[in-house]
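> As a plain string of letters, each chain reads:
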Amino acid sequence: MKISNKVVFAVFLTGFSIYLVFALNPEGASRILLNLLTFAGIYGLSAIGLNVHFGWTGLLNFGHASFMGVGAYVTLLLMPHAAGREGEITSTGLPFIVALIIGILSAALFGLLLGLPAIRLRGDYLAIVTIAAAEIFRLLVRDLESITGGVYGIINYTENLQQYRPNFINNFSESFGFSPSQAWVCLVAWVSIFFTVLFLKRLNNSPWGRALRAVREDEDAVRAMGKNAVWLKLQSFMLGAGIAGLSGVLLAFNYGSLETTVFVPLLTFYVWAIMILGGVGTITGPIFGSIIFWVIISETDRLAFILFENANGQQLAGVRFLLVGLLIMALMIFRPSGLLGKKEELLLDVK
Amino acid sequence: MSNSLIEVNNLKKTFGGLTAVDIKELGFNKGELTSIIGPNGAGKTTFFDLISGFQNSDSGDVHLKDKDISNFQPYKIARMGMVRTFQLTKVFDRMTVLENLLFSGSEISNDSLFKSVIKSKSQMKYEENLKDKAKNIMEELNILHMADSYARELSGGQKKLLELARSIINEPEILLLDEPLAGVNPKLAEDILSLIKKLSNEGITILMVEHNIEAVMKISERIVVLAEGSLIADGNPNEIRTNRNVIEAYLGKDND
Amino acid sequence: MLDQLGNGLLLGIIISVASVALSLLYGVTRIVNFAHGEIIALGAIMTLFFSSPVDYRVLFLDKYSPLGYNFALSCILAVIVCGLFGALLEICLFRPLRKGNVGNIAVLVVTIGLSIFTRHLYLLFATGKVQDFPLELQRRQTYLFFDMTPRNLNVLIAGIVVMLIFGFLLTYTRLGKAMRAVRDSEELSSVSGINSDNIILITWISSSMLAGLAGIFQAIINDVRWNMGFLILLLIFAGTVLGGIGTSFGAMVGGFLIGILVQVSVGLPFMEGHTEAKNAVALAIMILILLFRPQGIFGQKERIS
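Chains as they are written, first to last, in my numbering: chain W, 265 to 615; chain Y, -11 to 244; chain C, 40 to 344.
Certain hints may be false.
As the list claims (entries may be wrong) - Only part of the chain W face toward chain C is listed, based on derived beta-carbon distances under 7 angstroms:
1) VAL393
2) ALA396
3) GLU409
4) ILE411
5) VAL415
6) GLN579
7) PHE585
8) VAL588
9) ILE592
Calculated directly from the structure, the hints in this document are not laboratory data.
This one's a predicted model, so the numbers in the text were calculated from it and none came from an experiment.
In this text, a Cβ means the ideal position worked out from N, Cα and C, and glycines have one as well.
Excised from the complex, chain W in its bound form:
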């Protein structure tokens, strides 16, 4: 099997980044690494979903966080949990797997609802509409406190997943000194990525994948061939939304509590940065992009802490976003194909 230079470089860079974590953190490296890998896995999965939207179909979705949010909220609310200011307990609910499937389908359905009207819009207008829709989602969630817990959020749900945690995780975590619950979430995230990638690769090399590529190229020609370009785009929108929904659930389980500051535009921008870094239109690109991205973010966090001693927490967090903004700009200007993207397949030079 021929492995291209790009892949070699990506693997090397990823490996180097992980090495950096150990080098810069003589103590507690494994704990930091696990945390990093968990976020990388979750965000990577989300970016894979976004890639279906943008890389495969050319849809400018800047409301991605809301798809993650729909998946998370629906899933959590269907399982035993506690919510709201009083911590009102709901002790009955569906089993995790069932709730998860419904959550993913809900995210896909949200994609359908949003897509039905919006998918015909031109690029920049679709961007605005998706941001607006995500904002409406956030405001709705915040206001429907009786259902979603509003700003007080949802808690006491992690057991629904953790009850399935196998023993080897417990042993493993003990020897490395990190949290077994996070290790379990990390494993679930990466297994999800594995199966999602397999699924998407299968789809990519299929008549459906081929049809989607044609839509990306020239919708009018697709229509002249008797094929419904809009329906194909909608299907892809739903697919990416479902994947995002799954990642949203995982994010909720990583945090342990969920409230309205999680699924916000900044989350969407993170995922965009990861997708571009990894390579638009590639299935596995986001994986490398995500790991490297999170290493950069977490290490510069510490760097900022050292540099700006007088800054408060909020400002330090700002440094992280400063970098995200800079990264997005630099990538788009100098290397829009990212790590694994093919220059010939670049969508971004469409005028």
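Guided by the hints, dock chains Y and C onto chain W, whose structure is given.
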């Protein structure tokens, strides 16, 4: 007239005060090879857009096989058997020539997401057959050697061939060809012309917009002339060649 | 509902001026500038920087010694700085991108990156504290059928005057006509001897100055925050879309309508207890317009899909 395959009545389309198309009555019969000619801006491509669903008329109607398709989506009209090409050649740039044809020839049920996940034996077989079909067409049109090249790498003439190949792979009943010879070298134009003639002999109804009058005269059974959106002449090549109105339209009224 | 009218007018003037600025930029350059909010914020932050007297700690660097200039002068200086910032963006970033034939989608993503970067730069250097201009507090007065402080009324009037002057300049001066020519067709206008690069530069400068002014208005009416531009960005888009993309008059009207709608919607029956979601009303309207009447109220039918 009610036996016409395609029929338009009182078809009107204006763009901000400018009348692009204004045709009272026009029909096309099964199996005919008709060329549509006229000076620039005569409304020929707009006419194509209107009957293939890519634009909606302001008033009037379009009938295809006795069905009113005036407000139909383009893909629905294509499914009824009417396939068109475009003035500015449309190929799928970042897909290979083979993929261009595989996509075009694949029937809608084959493209389904569900089927693509399952990848049954019958779908594999279907794809195999499709590949053979595509290869045959590529061979016939002399582009087989470009099968694995990206479509964007093709020359202008080869792109036209690809667009043609794509249009015929599904054995359409009606072909709308928008300037199939534009920007193509004389030798290739000859080949394309004979292909069009051959398709017509096989029974396909063909409407062709063209500027190359010599070619038009050579192969058309019927010629329709548009000028400033209206129909000014309709007949066989000989009739059109000597038609006063046609000559005037092309050369301008101040030529007596 | 009527007591929100005053607030509506004030939000309206902010969104209005900002929308006109955005619409001007989009009209001439076809760029949807997601960093627009940051230029708005710059106007406010720079005014604070210039006008801050002794006891304000604006800058993050402890060595800062306050300037304490006259407030009006500070405003003028701030607007000039914004204009310069816009010129900088065009010369160093967007012109090279344009010359390099980079597509609209890529430029859009660049503006998003720019927006994130700049906003957090403000956070780092101007802190996350909510600050006010060094102006003394006033009490609300009743004018005709709305309430507001006298200073805010001045802002409202000033804003309207500025936009009228701007509209006049755009319609009747040679420069204005050249800008509209470039908006309609860059190729045609360059053939008729208009240097589109200069026109685009002037557009960036004017748009940024207007945006900075909108930020000053926002800061006078409300306060100065690092993310003040981002908070109203979506409303500005809504105003531009409602009024009609590509027309300055439309942007002005649309901006006002959105501002009034947002504040007035607080009084609607189904909004009771959910006043925080008033923005959602404006956003929902924007989505509906894009779907059913994309040209807005005054716009031309442009290709939206």
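> All hints, please: hold or fail.
Going down the list of hints, with the structure as the test:
1. VAL393: holds (5 angstroms)
2. ALA396: With a closest approach of 4 angstroms, the W/ALA396 hint holds.
3. GLU409: violated (10 angstroms)
4. ILE411: Since the shortest Cβ distance to chain C is 13 angstroms, the answer is violated.
5. VAL415: Where the cut-off is 7 angstroms and the nearest Cβ of chain C is about 10 angstroms from W/VAL415, the hint is violated.
6. GLN579: It holds, given that the least Cβ distance between W/GLN579 and chain C is near 5 angstroms, below 7 angstroms.
7. PHE585: Nearest chain C Cβ about 4 angstroms off; hint holds.
8. VAL588: holds (6 angstroms)
9. ILE592: holds (3 angstroms)
Against the hints set out earlier in the document, violations occur for numbers 3, 4, 5.
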